[in-house]
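Given these sequences and hints, build the entire structure.
In this note's numbering, the protein residues as written are 404 to 467.
It should be emphasised that the hints constitute simulated quantities derived from the structure, not laboratory data. Remember, it's a predicted structure, so these values are computed and weren't measured experimentally.
Below are the EDC-like pairs computed for lysine to aspartate or glutamate, each with C-alpha atoms no more than 20 angstroms apart in a straight line: (1) Lys464 x Glu407; (2) Lys464 x Glu406; (3) Lys405 x Glu467; (4) Lys423 x Glu407.
Derived Cβ-Cβ restraints for the label pairs, each shown as a range: (5) Ser447 x Glu406: 17 to 25 angstroms; (6) Ile417 x Pro450: 13 to 21 angstroms; (7) Asp458 x Gly429: 24 to 32 angstroms; (8) Ser439 x Leu409: 16 to 24 angstroms; (9) Arg459 x Gly427: 30 to 38 angstroms; (10) Ala460 x Gly427: 26 to 34 angstroms; (11) Leu466 x Ser439: 16 to 24 angstroms.
Ideal Cβ positions, reconstructed from N, Cα and C, are used throughout, including at glycine.
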Amino acid sequence: MKEEVLVTGGAGFIGSQCCKLLAGNGYTPICFDNLSTGSRRAVSYGPLIVGDIRDRAALNKALE
404 MKEEVLVTGG
414 AGFIGSQCCK
424 LLAGNGYTPI
434 CFDNLSTGSR
444 RAVSYGPLIV
454 GDIRDRAALN
464 KALE
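In structure tokens, the structure reads:
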């Protein structure tokens with residue numbers, strides 16, 4: 404089983420590049436983003452969880 408890595412801001416430019424790099428190195432990136440400036444189209448290397456990093460409940464759910 405591949406190790407999962409939570410990437411906050413994963414739908415933005417830098418986050419999506421991190422996801423690409425992680426996926427290329429055998430990890431499964433989990434993108435966590437509120438999509439305020441990011442784009443769903445940028446998420447192609449793992450699942451997207453829409454949520455705000457300031458929302459503790461949403462973040463805890465993403466970490467389960």
